[in-house]
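The task is simple: from the sequences and hints, build the whole structure.
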Amino acid sequence: MTRGGDAVTGNDPTEDAVVGDAVAEVAAVGDDLAGGSVAEVAGVEAAVTAGAAAGDGPTREILLVVHTGRRSNVSVAQGVAQRFAAAGVRLRVLKDEAPDLDPTCYAQVVTADDTAAEGTELVFVLGGDGTLLRAAELARAAGVPVLGVNLGRVGFLAEADSDKLAEAINHVIDRSYEVEERMTVDITASVDGRVLESTWALNEASVEKSSRERILDVVVEVDGRPVSAFGCDGVLVATPTGSTAYAFSAGGPVVWPDVQALLVVPSNAHALFARPLVVSPASVVALEVDPGGHPAVLCADGRRTVELPPGARVEVVGGSTPLRLVRLREGPFTDRLVEKFSLPVQGWRGPWVG
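All the letters of the sequence shown, read from the start, carry residue numbers 1 to 354 under my numbering.
Hints in this document: simulated from the structure, not taken from any laboratory.
Heads up, some of the hints might be wrong.
[To be verified] Below are the SDA-like pairs computed for lysine to any residue, each with C-alpha atoms no more than 25 Å apart in a straight line:
(1) Lys164 with Arg336
(2) Lys164 with Ser176
(3) Lys340 with Pro322
(4) Lys95 with Gly143
(5) Lys95 with Glu121
(6) Lys164 with Val338
(7) Lys95 with Gln78
(8) Lys340 with Arg324
(9) Lys164 with Tyr177
(10) Lys164 with Ser75
[Claimed, not checked] Pair by pair, the computed Cβ-Cβ distance ranges are:
(11) Arg214 with Thr321: 29 to 37 Å
(12) Thr59 with Arg214: 51 to 59 Å
(13) Val109 with Pro226: 46 to 54 Å
(14) Gly193 with Pro295: 13 to 21 Å
(15) Arg175 with Gln108: 18 to 26 Å
(16) Gly293 with Thr111: 35 to 43 Å
(17) Pro281 with Asn170: 34 to 42 Å
(18) Val109 with Pro276: 38 to 46 Å
Where a beta carbon is used, it is the ideal one built from N, C-alpha and C, also for glycine.
If you want it as structure tokens, here you go:
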């Protein structure tokens, strides 16, 4: 079983070709507005900044987060920066990513912490779902929305694919977009009443075995009452957003994002009753690691991990702070699901109209 994420090494020729088309499209738009060179656009950005300082109005700022592990993504970032600069929008970039980007692409370098996105209009993400989850940590802390452009594979969280990149940029420049809130979960890990870690997740919290040759013995509890105990590879507590991520790979149901619920999904459980559960968003789901068993690992969104000793307890509740996602187009989640997973719908005739 694997989680979705961005490849860090290597380049897929097919993906590079698709992304290359996006580079050309964005560059063409940028050339029309800015005379064609990134250096010239830097001059445009400097003029915009100077105008704001002189009292012509506040400068719009965006935090750009890029999966720079692919050469083609860096090229796309150059074109995106050129387009935003020509429209008078300043870009911030993260300190860890700045060395891979041309200095003319950005006006400010910031550390990837809770203040990185403060004062920005949104966080613009170039990459896959892994990059978007990384950006979500920065956006949620600042209360600003996230707009993802998928340069990876499935990219379920992203609002636009690479062939719609120029369109996404135009929506941002024109402020013609909507913002929707997605449910998160708050997570607390403890042992003997002592808190080990408090964190959050957009997709899921998972408690997993710490080594592949061992079995994790766990008890699932909902609202203070035990539901079932079994040996397994792990147990996930997911949001509706996360129902199409790791929980989906573990055999959980797909839940429409406007449904408020928590999903409890066992992974490879050795038990007669080990079905996924859908519980109230107001419920408290607890996972207890057998005190006489093996250690485990808590993982939040596949990014933040905490080692759990035997006897540890993980409580998951509906999050106090949602994540805000940019939406550029109207349309049912059903269509997005069919498109992303290439689901067969041949033979569908639609509702009968008399």
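So, going through the hints one by one against the coordinates:
no.: 1; hint: Lys164 with Arg336; verdict: holds, 15 Å
no.: 2; hint: Lys164 with Ser176; verdict: holds, 15 Å
no.: 3; hint: Lys340 with Pro322; verdict: holds, 24 Å
no.: 4; hint: Lys95 with Gly143; verdict: holds, 21 Å
no.: 5; hint: Lys95 with Glu121; verdict: holds, 19 Å
no.: 6; hint: Lys164 with Val338; verdict: holds, 18 Å
no.: 7; hint: Lys95 with Gln78; verdict: holds, 16 Å
no.: 8; hint: Lys340 with Arg324; verdict: holds, 21 Å
no.: 9; hint: Lys164 with Tyr177; verdict: holds, 14 Å
no.: 10; hint: Lys164 with Ser75; verdict: holds, 16 Å
no.: 11; hint: Arg214 with Thr321: 29 to 37 Å; verdict: holds, 35 Å
no.: 12; hint: Thr59 with Arg214: 51 to 59 Å; verdict: holds, 55 Å
no.: 13; hint: Val109 with Pro226: 46 to 54 Å; verdict: holds, 50 Å
no.: 14; hint: Gly193 with Pro295: 13 to 21 Å; verdict: holds, 19 Å
no.: 15; hint: Arg175 with Gln108: 18 to 26 Å; verdict: holds, 21 Å
no.: 16; hint: Gly293 with Thr111: 35 to 43 Å; verdict: holds, 40 Å
no.: 17; hint: Pro281 with Asn170: 34 to 42 Å; verdict: holds, 36 Å
no.: 18; hint: Val109 with Pro276: 38 to 46 Å; verdict: holds, 44 Å
The structure fails none of the hints (numbered hints given earlier).
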